[in-house]
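Turn these sequences into a full structure, and let the hints steer you where they fit.
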Amino acid sequence: MRFTPAPLPFVTGLLLGLLTLSWLGSVVESTRLAESFVRFHMWLNVESGYFPTARQIRAVVKRRIGPEPTVHVIVGGSSVEHGVGQHESLIWTRFLQEHLGPEFRVTNLAQRAGSSTDFGNIGAELLLHEGRPVIYVAGSNMTTFSMDIRYSFYRHAMFDAWHRGYLLPWPPRDQLMRDVAWRGPSAARGAALGSLLDAYLNFNDLWNFVGYEYANSNWNRLLAERSFDSRASFPDPDYMPEQYANLRYLSDMTQAMKIVKDQILSPTDPRWQRTLASTEQMTPPRLRAVTLAMIDLDSPYYVDRLDPIEREAFVATAYEHARRLREIGFRRAEVPAIDFTTDDYIDRTHLSVSGGQKLAAKIAPIVRTMATELGYLQ
Amino acid sequence: MRFYFANIGRWSLSLIAGLVTALVMHYMLYKIGLPLKPFIYVVF
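The listed protein sequences correspond, in order, to chains A and B. Counting in this note's numbering, the first sequence runs from 10 upward without gaps. Counting in this note's numbering, the second sequence runs from 852 upward without gaps.
The set of hints was computed from the structure by calculation and includes no laboratory data. Nothing here was measured: the structure is a model prediction, and the numbers come from that model. Fair warning: there could be bad hints in the mix.
If you want the footprint, here are the derived chain A segments under chain B, 3+ residues with CB under 8 Å [to be verified]: (1) 14 to 20; (2) 196 to 210; (3) 363 to 371.
Even for Gly, the Cβ is constructed at its ideal location relative to N, Cα and C.
Next comes the structure, spelled out in structure tokens:
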């Protein structure tokens, strides 16, 4: 028997269904994710096919775990700030939280292969947008603070946040976000247009919720046969220090040294202009005013192999970047790893637990000073 | 009477078909936004 749907009830069902699902997407919130949050670890990020949404970032930042803190400290940046090399129980942001005490709430939104302008900034900006006291602790590599949004692995979250009005208004960035949807590279265009649709239909929020709480529907080669388990069932996979013992400094020396040397820029190098222009475009002045930028340094395991002139130029590059960031309005820009040792890293860039402890101890007083300067603390 | 019930049945089935299509469409919109192949391995 052939069934032909009657048009009116079919369209009614379609619209009703879409409206209901969109509404559901707008209200679901995984309290488990927010309340147990340490970081968006490998099984909760794009690497394993899970794309956290701007609403999930908001839920994490505003998680209800005790009284509202006096100051929110949002950490953004790359895998260095994410804490690759540190088990979640020994992650540097836990030490930072201990140093700062209960008046502060530290939230680590840094992402592997991310930057300070494509994910963590969303958490800081949405709080600033609401007039809440926030300090943004933002990692930066030697010569670039921001990543081109068109090629960022986390562009989906930025477009999502932008469409939902979580980002601070900043005309140069707004223009870029608008342009990408129509004139950007195809992958970025897809993310931009998808976010526009998602702002009304909330499909990413709903199915991310289902994937986290009940069953995931994206096959991923890292997870293989476990791909369809709920993401909540996956623990943070980073190792304990003893497990890292045999995994440290395994990179090819020639290749690592080439990367180290390639980061050296003279103060007159024209590339500074390009990188600073990108930073200015992607970082609203209001965010810069509450940001502590940390320029990450490579491990002395490699840097000490440079000849003395190169080594001096390498360190000078980091300080030059910090100076230029301060010049364009960043409240602080520091090079905290300047006296770290080989033991404070697990590889060229990532800190070991001891490195994380040193980093936390170094920046905590700066964060506290900034909180006073900004009038957050009496 | 029979015609009346047949009509109600067709209406209900059409409504359900619409709801199911909405569910599939909503899910497809989510899936379509995901990259076909993982892309972060180039970095790690």
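Now for the hints, and whether the structure bears them out:
| no. | hint | result |
| --- | --- | --- |
| 1 | 14 to 20 | holds (count 7) |
| 2 | 196 to 210 | holds (count 7) |
| 3 | 363 to 371 | violated (count 0) |
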